[in-house]
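*Asks:* Chain B: place on chain A using the hints.
If you're matching them up, the sequences are chains A and B in order. Residue numbering for the first sequence follows the numbering used here, beginning at 1 and increasing consecutively. Residue numbering for the second sequence follows the numbering used here, beginning at 302 and increasing consecutively.
There could be a bad hint or two in this list.
As the list claims (entries may be wrong) - Covered by chain A, per the in silico footprint, the following chain B stretches (three or more residues, Cβ under 8 angstroms):
id	stretch
1	399-406
2	432-446
3	478-484
Please keep in mind that the hints were generated in silico from the structure rather than gathered at the bench. Heads up, the beta-carbon is just placed ideally off N, CA and C, and yes, glycines get one too.
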Amino acid sequence: MTDRTPLPVLPAPGPEQDGPPDAGPSVLDRLASRRSFLGFGLTIAAGVAGASGLAQLVPVFADDEPGPEPIVPAYDPEAVAWTFVVDTERCIGCGQCVRACKAENHVPEEPRFTRTWIERHTRTTDGRLVVDSPDGGAAGFPDLPEVGGIESADQVADAYFVPRLCMQCEASPCTQVCPVGATYTTPEGVILVDARRCIGCGYCITACPYGARYIVPAGESSPVGVAGIADKCTWCYHRLARGLKPACVEVCPVGARRFGDRNDPADPIVALIAEQQPRMLRPEYGTRPRVLYAGKVAGEA
Amino acid sequence: VRWLRDLVWFVRLLSLGLVRLAARTLGIVVGLPLRVLGRAVIAAARAGRRTWLGWGPWRRWAIAVCAASAILAAGLWGGAVAFAAFSAEYGFHPDVNGQAWRDLAPRYATVADCVSCHDPEYVKLTSATHAGIGCESCHGPLAAHAADATSAQAAGHPVTFSVTKPTDVVCRDCHVSAVGRPAGFREIVVDDHYLPLCLQCHDPHTAISRRPPVVGHTLEHIPDCITCHGAEGFKKRDVWHPVTSSDDGTCLLCHLPDRGPDTGDGATGSIAYPLARMLARTDG
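Excised from the complex, chain A in its bound form (with noise of 0.2 angstroms):
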């Protein structure tokens, strides 16, 4: 463009103008709309590419940064592997780990909402497996299973209570499946649900084999967060770096439920993994779930 380029003229200016109507600003409406336009571009370019590079410089999204301040000042997030053996042989269903984690992390008390819960697999005489879980056992369970048409002891071959609760998976599909990345997998291996970023979709409702999630119903609120957003088990999160155990694990009154770090050699975990030998929870589903189980569970031989 150059200055000798003629002026456009200009639409008629309207009687309330007062302005002299040869006077035409053409030049610079021609220069504001490219000019603008590439300048839009242009700025939000360099506007993205300068927050990257001030990413370096602000301490909050610097590499180096040690990460949030540990509570427990040995706690070191990235050293430890955390792992939960569940014993199924000493579980005797009385429910207060399901009491203790709602009060422990604001669960609703509606029943159907919860973190963890446990499971009674009773294997009748005639072969069928039945499943039966009141309100999640929060008030213990009833003497036979008041559902499968168990009438009697007599029916029972075989039972066992099996807690449950989220398997923390290293391979975890909530995580993958997130589209808003509000799930996502801290240093330790506990997967979290950010409240700020989660749209409450529902997707890693679907997602999840083991069903140990939920949406927050109206009228309550997840421990960092809204109503509508997804909540699940944090292994209490906010007690590991304390260096305390989970709350669930703090109240089982027979040591059904074992929380330990796999990597210190001191920690009773490592000689209970390696005498009973827990296994994963449905390993074929390929979540390599942290959490592990010792004794009967359904589904295996």
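*Replies:* Relative to chain A, chain B alone:
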């Protein structure tokens, strides 16, 4: 690797609409003042002040370069500010959210916290069948109580946070008969008991195996004599007893606490036989 993780998250978030949002923000932050400025210049030009249109091409280029530089600088800073604001609001880095989860306050303490004050109960517990069970299994979440007690002791005033005593429901959750309990676990049938009130006879701390009271029993957890020794009691009082009142004081006129025979189980405050009976027994 932390930096790799950050990079992955950065790229991921970019793809998740960050660009769109930043562009929108920039459009407002930068575009709006530009537009206002442009309108002002156009208005000025329309008003007849066309002095700068008469400048040579090099001046116009200089102006353009300056303007472009200004826009670029504004874009950089505006983008950075918008990005920082966006990150703060929506949690660019997962660690931001992880810290929020970590900051939650525990409601359950540990046995160690309880023992620091309630040592006698703990010592009793270690020798009982219930040994190894955490305090809060029955007593509920008590981190607030422990914190309150610690601060109260430091300040020298009594503990204000009250603790509700567990009820028999806690006993039944574990011990009521149910299919699926492990072999050897003590299951009870409530109907076989005289009273459905476990704690009136069983002390959960000393020993769950303690039977309902025999001759010399403690007064602990036993508020009322005729609860067990009433007309329909599982251990009825003798017919000749003149006492029909439920008033403990009446019973204790003859059955002296603290003076009964030693039953050898360490129980204190036993109930003594009435003196007349003891004399009769020695005679016989």
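*Asks:* Could you work out which earlier hints the structure fails to respect and list their numbers in ascending sequence?
*Replies:* When the structure is compared with the hints, none of them turns out to be violated.
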